[in-house]
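Quick note, the sequences are listed as chains Y and R, same order.
Position one of the first sequence corresponds to residue 1 (our numbering), numbered consecutively onward.
Position one of the second sequence corresponds to residue 1 (our numbering), numbered consecutively onward.
Each hint should be verified, as a subset may be incorrect.
[Said to hold, decoys possible] Here are a few chain R residues that face chain Y, going by a calculated C-beta distance under 10 Å:
id: 1; residue: Tyr102
id: 2; residue: Gly238
id: 3; residue: Trp255
Hint data in this document are derived by calculation from the structure and do not stem from the laboratory.
Bear in mind that the values here come from a model prediction, so they are computed numbers and not experimental data.
Ideal placement from N, C-alpha and C gives every residue a C-beta, glycine not left out.
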Amino acid sequence: LSEPNNKKITRRKALKYGAGIVGAAAIAAVGYGAYQYSQPSATTSATSTASAVPTSVTSAASTSVTSASQATYPWDVAVNAMNNDLAQLINTANENAQTSSIDWMKHSGETINQIAIADTTNYDVNMKIAAQKFKELTGINVNIEFLAPDNARQKSILTLQSKSSAYDIVYGFMDLMPAWGPNGMDALEPLDTFMNDPTLYDSKWFDLEDLNQPMLKFLTMNGKLYSFFDMIEVMWLNYRKDIYEKYGVTSIPDTYDDLYTAAGLCNHPPDIYGTASRGAATSDTLGTACCWVFSYGGDWFGRDWKPTFNEGGALEGLDMYTKILKDYGPPGEASWNWQDEKQFTMLGKVANNVCSFWRALTFWSTQLGTSPDVVGNIWFAPPPKGPKYRANEAWANAYPINKYSQHKEAAWLWTVYRYSKPVMAYDCATSIAWARDSIFDIPSVSAVEQALDDYGIHIKKALSTLYPWFTVPIPEWAQVGTYIGAAISSALAGEHTIKQALDDAADKALQVMTDAGYYKAGVAPYDHPPPSVTT
Amino acid sequence: LSGKSAGRFLPLLLLTPAILTILVLWLYPQLYLVYLTLFRPVGSQNQYVGMANFAILANDSLFYQSLYVGLLFMVGSVSGTTLLGLGIALLFNVNLRGTRLYRTLLLVPMVLPIVVAAMTWKILYNPEVGFYNYVLGIVGIPPINWLGSSATALFAILLFNIWENTPFVCLIFSAALLTLPREPFEAAQVDGASDFQAFKHVTIQLLKPTILLVLIFRTMWSFQALDEIYVLTAGGPGYSTLTLTLYAFLTSFFWLRFNYGAALVVMSIVVVGVLTIIYMRLIRRSEGD
């Protein structure tokens, strides 16, 4: 200061130094945060060192709630063993494939392109590994473009609608498969085309019967199969053991009335909400709401295709669905999709709900970086039952072959390879979502089942009876589903009562069904399978 | 060709790439869109139905609902971004301290992809853990159910749209303000005009071509807004944020009714076209005055 001419710090320099200090502080803060994050919390360290022996039973038969102190990761050891076995399977997948009659080198040198969805688990990594193995076996190069679900949907639609051959395999949403099939755009290649050729298909080796039959039935249109599938998801009652214990919920809700009571006991906003689910004005909302509809004995349509979701059991079920969310759900439900539900759950602010992803969240919680409250405290049971049934629903990823593909046989070879027993078994490790029944024959997988209490029992039961009926297999379903989703959203927002909103949706749906030629009063009755009933 | 003929054809030759580009990238899709409206799918084939898609549209309650919501959204967005953009541009024009920094910060919304920004805003709007309700809570205002109520959802999307598009408008006005001649302002000063009078009778008058440009662009873009609405509410609660563009998108890409979706898009083009003509006439009339 005494020598201002020499020591004067210009404004530019001052800013530079200031920015440097702020930058250094930011780097230090980030580093400290990363260090803290890498350190096991009290909860995670307690759980990761737990015994591999299950400490509790939470099946529907025994309805006690595991205490928080017993919250463990009993499956850690079992999962490691399972992953090792499945890795062994993928490593020997090509040897296994050579035992079939399929001429794997028939299209060597060709390149096929596929659209697939990006997933938070190792779904994409595993698919890339399988593609690499497939290239070694066949000489066929598989380019896979992993996209967010909405982008995958739009790109697949544009490919098929424009009759483009840019992608040989597209991503098939359950609600779109009927619209793309022979009764809609007729843009998919039936798999029967290849399954009748012994150089392309070996029925004994592939074992079609081992794939989940209800799902295969859904993907069969006009007597022809249009896709295999992977990553089946079913619905669960997911709950936080610690919150149940804290607020005195002593038994797992067995009915939707029980669930309402439990949600009420646990509802202590803004810290914890009794429940959360989907309520956006889209058909995605029906993924969870359908469990209520079917459990209460309702259905989307009557036997003459007249909409019935605004009456009887469907109305009662959806009334309960909106009631529990309005009374004990977080505000904003009217615009929530499954991602919002998942984010909120990961923040540790939900006591229980009926959805599929919590199961994966439980399994992958350490990787997904959920709240310490959530890790180790989530558990699951079969969905509650309604007055009529204990209903469930299923979702899976389908990858049909584009009818306009220039490399259909190469695309088929990749398809039949990817859905073969060893490759599919390996794929199961991504999200504990099965596609083949034989996965349960692997001892280490059985061990995981046991470690997960009722998980294996329930999923076996669910897979044997499930029908993805929330996506009705007609091209018009996406539109009708949106009307119902909008009705639920409207009721949640308090615009209308659920009855008023569903009546409006039913009017719109009836117009669609009439225009499309399904509904003719008293004519053309149809016989759809019963809803998914697990007990 | 003689030199004279070559000279006559040269401009045409030089313009050919531009004309071809316009024909291929603009005119063909528009004509194909109109062509699509004349058919309906029967299996994988299209059946000619003439104007039947427009007849369906005339009786479609969701068309009218979405048209109303779309127009409401457009009015809010155009007026909001134009007024705010002009206001900020005028502030920048005064040469306040830190203007360059503010100008740079203002560009942030333009740099972010709309979907990413919208997803971030969805979290900010969360009634429980969102930033906006936190701020409102500090000043004693009860939490707002931003996206979960049909009373506020459209307004919430509008706020996002204004945040996202104001920088563009501000940049346009800033550039225009820099090019305004000084003489009319000096003349106004000599005549004893107040600041407001100078703004009203000189600045606004000189900015009219720019305002017209902004209005036309903003009308088109706000009426076509899709990504943010889809991410934030998907048209809900109920149909309270279902704009005509979103309705056309859902019809085409979710319900796979491409022909009817094309009819809805044609209607939205007609709406924007009519509004553009109205703008131009209004501006011309005021210029005449």
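Item checked: Hint check: 10 Å Cβ-Cβ cutoff, tyrosine 102/R to chain Y -> With Cβ-Cβ at 16 Å, over 10 Å, it is violated.
Satisfaction of the glycine 238/R interface hint, Cβ to chain Y closer than 10 Å
holds, 3 Å
- Under the criterion of a CB-CB separation shorter than 10 Å, is tryptophan 255/R in contact with chain Y as hinted? holds, 4 Å
The structure fails hint 1 only (numbered hints given earlier).
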